[in-house]
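Q: If you read the protein sequences in the order shown, they are chains A and B.
Per my numbering, the first sequence starts with residue 1, numbered consecutively.
Per my numbering, the second sequence starts with residue 1001, numbered consecutively.
Worth flagging that the hints you see were computed from the coordinates, not collected in a lab.
Predicted model, so just to flag it, every value in this text is computed and none were measured.
Backbone N, C-alpha and C fix where the C-beta goes; we use that ideal spot for every residue, glycine too.
There could be a bad hint or two in this list.
What the hints assert, rightly or not - Covered stretches of chain A (in silico footprint by chain B; criterion: 3 or more residues with CB under 8 angstroms from a CB of chain B, positions within the stretch not fixed):
1. 45-58
2. 239-251
3. 262-271
As a plain string of letters, each chain reads:
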Amino acid sequence: MSSTVPAASGFWKRNQQRLAPWLFLAPGIIMFSIYVIIPIFQSIWISFYDWDGLGPKTWIGAANYVELLDDEAFYTSLKNNILWLVLYLLAVPAGLAVALFLNQTVAGIRLYKSLFFFPFVISQVVVGLIFTWFYAPDFGLLSALIKTLTGQNIAILADERYVTLGIIAAGLWPQIAYCMILYLTGLNNINPEQVEAARMDGARGWSLLWHIILPQLGPATFIAIVVTVIGALRSFDLVSIMTDGGPYGSSRVLSFYMYEQALSEYGYRMGYGAAIAVVLFMIMMVFITLFIVRMLMRERHA
Amino acid sequence: MISFKAATGLALGYALTMSAAFAGELVINSDQSDPAPKKAMETLLEGFKAAHPDVTVKWNNFDHEGYKSAIRNFLTADAPDVVAWYSGNRMAPFVKAGLFEDVTDLWTENKLDDQLKSAVKSMEIDGKKWGIPYSYYQWGIYYRKDIFAEQGITPPKNWAELVAACEKLKSAGMTPFAIGTKALWPTGGWFDYLDLRVNGYEFHMDLTAGKVPYTDPKVKAVFEKWAELVKPGYFLENHAAIDWQDAIPQFVQGKAPMYLMGNFAVAAMKDGGLKEEQIGFLQFPEITAGIPMAEDAPTESFHIPSGAKNKEDARKFLAYLATPEAQTKMNEVLGQLPVNNQSAKSEDPFLKAGFEMLANAYALAQFYDRDAPAEMAKAGMEGFQQFMVKPDNVDAILERLEKARGRIYK
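If we strip away everything but chain A, and leave its shape as in the complex, we get (with noise of 0.2 angstroms):
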């Protein structure tokens, strides 16, 4: 017994440094292979067959991607991809006024503060059904203002030239709320003293916020630019609630596009859904990698 017991622990000791932390990263590590590394491996396998997701699969080289080139409405989802993605931008200044308007000590302040952040409380489902709603021709509050203002009745939703805008507008009330209590964490890190001095040197109003707090809340302004760029390429819940891609397919984002063809009623075709979320994640990868070069180089710095 007492012969066989230190040479087990023996090992355990000599390794123990090196074999602790991967221990504790074990369970992380397997979770995250199973549901996230595995399945991004094997979408790029599956878009390589022919497969309804039922019946066997056939194997078809690059066919789904020789098809995408040539599907206008891959393009169609694509145009809208890169417009969500700049227009969803807008939420990162938006967030950065509200906040600098919010971040004064007035009585009721935290009123109005909960009043400004509700919308990123609330569901996108419902975000998206009050738009719908405030949309609608004949009894939509802003159909009704523009048909009182111009004399014509615009359906937002059913127009080729505003469906995506009317989208991306809807997703930007939560978004912007979201951007801004970002910035209101990132105002109450601010050093007063900085401020102070900076006053006391004459700065005040746009230099004040150009060369004394913007600098402070890099860090926010990052967080939010990650987040908004992340959020605008990963739109669905809109898109599927207010028009289900339509009319005719204009307002379709690649999510939304990968989702009709792999599982929706009308699609299964899961090799082709499969191609399009291969390019989404290219897409993707191209963001994260920077974000990443990015913050590794910030830890390097600091």
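Given chain A, work out where chain B should sit, using these hints.
A: The following block gives chain B in isolation, referenced to the frame of chain A:
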């Protein structure tokens, strides 16, 4: 110790397999989530339990939309004994994947070929039958009798009369046709009827089976007729933003006095405050003279998954479902027509009209999204919606559909 482990393992395994179905328990999955279908299903189950007291029924009722994706999961993973689905091409993927049970023997045993005659074609794939149909309903133009009388319009019998009626209604400040195309499928009804009336049933079936190119001049002719209604603005503006129910108020308020729809719309119209005598029903008028009139009549059915655990009771259930009595009772509640031709007829005026029309129909189409494979249906109806917004793009739309056809029907 080892024997204890093995015993618990066995017991656990036993419990797992048994939890799904007890002997004599029949598991039914379906999507009767709306009030009337739900009540009809309850009526059916009551009748079945009375006829077969030894069978316990476990009924899982799904939400209508969610069911369409759920069914693919439970058919492959943990199949119930009976499932509700649609006939025609919509069941083809499940039949081809070997997920549905062949029930041809049920049909021959119970002599259903005669009793369920009108639905034989839609239940058959590869010469075998794959389920039991229990209900269908007619499509046609519902119109406001009172407004027609006011304007001095008689129900149109042919295309020229229909266009004339539209003109008259439009000049009186109304939009002739109500429609909401956000969910796309209402456009399928229009395409079906125009194609059935312009080119006939055989051509329509060939087209939905992928045998005819969408760039065929005969298809173009359908859109030319359609344009005669689209271009002058005879459909509700902004139809792409609303669902079919959202267009009902326009019908009820008399702003759009005609509606091409299935018979289920009548309930919504009455709920909106219309009296029965205000609503009229007319068969879609003739376009090309001499072409026999075929109609749209989507059929609803129940099937046995091939992975079912209790197939014996499932067959009993389907046999009961096929009887004239069961179909009479169920359709009374549903407000639809029984498929079994020995069932008692309803006294409802719309169902009576529908029954007469369907009984004399040359042939029955299921509906665009059930006759054409799902993928083609999606591409097609999207094209129809675009056409109804931008009729001048017809050539580009048809070319896109032809490209889709080339890929889908390989």
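Q: For every hint, state whether the structure bears it out.
A: Here is what the structure says about each hint:
Remark: the segment 45-58 of chain A is confirmed as covered by chain B, as 4 of its residues place a Cβ nearer than 8 angstroms to a Cβ of that chain, reaching the required three. Coverage of the segment 239-251 of chain A by chain B holds in this model, with 6 residues showing a Cβ closer than 8 angstroms to a Cβ of that chain against a need of three. Using a Cβ-Cβ cut-off of 8 angstroms, 7 residues of the segment 262-271 of chain A lie near chain B, which meets the minimum of three, so the contact claim holds.
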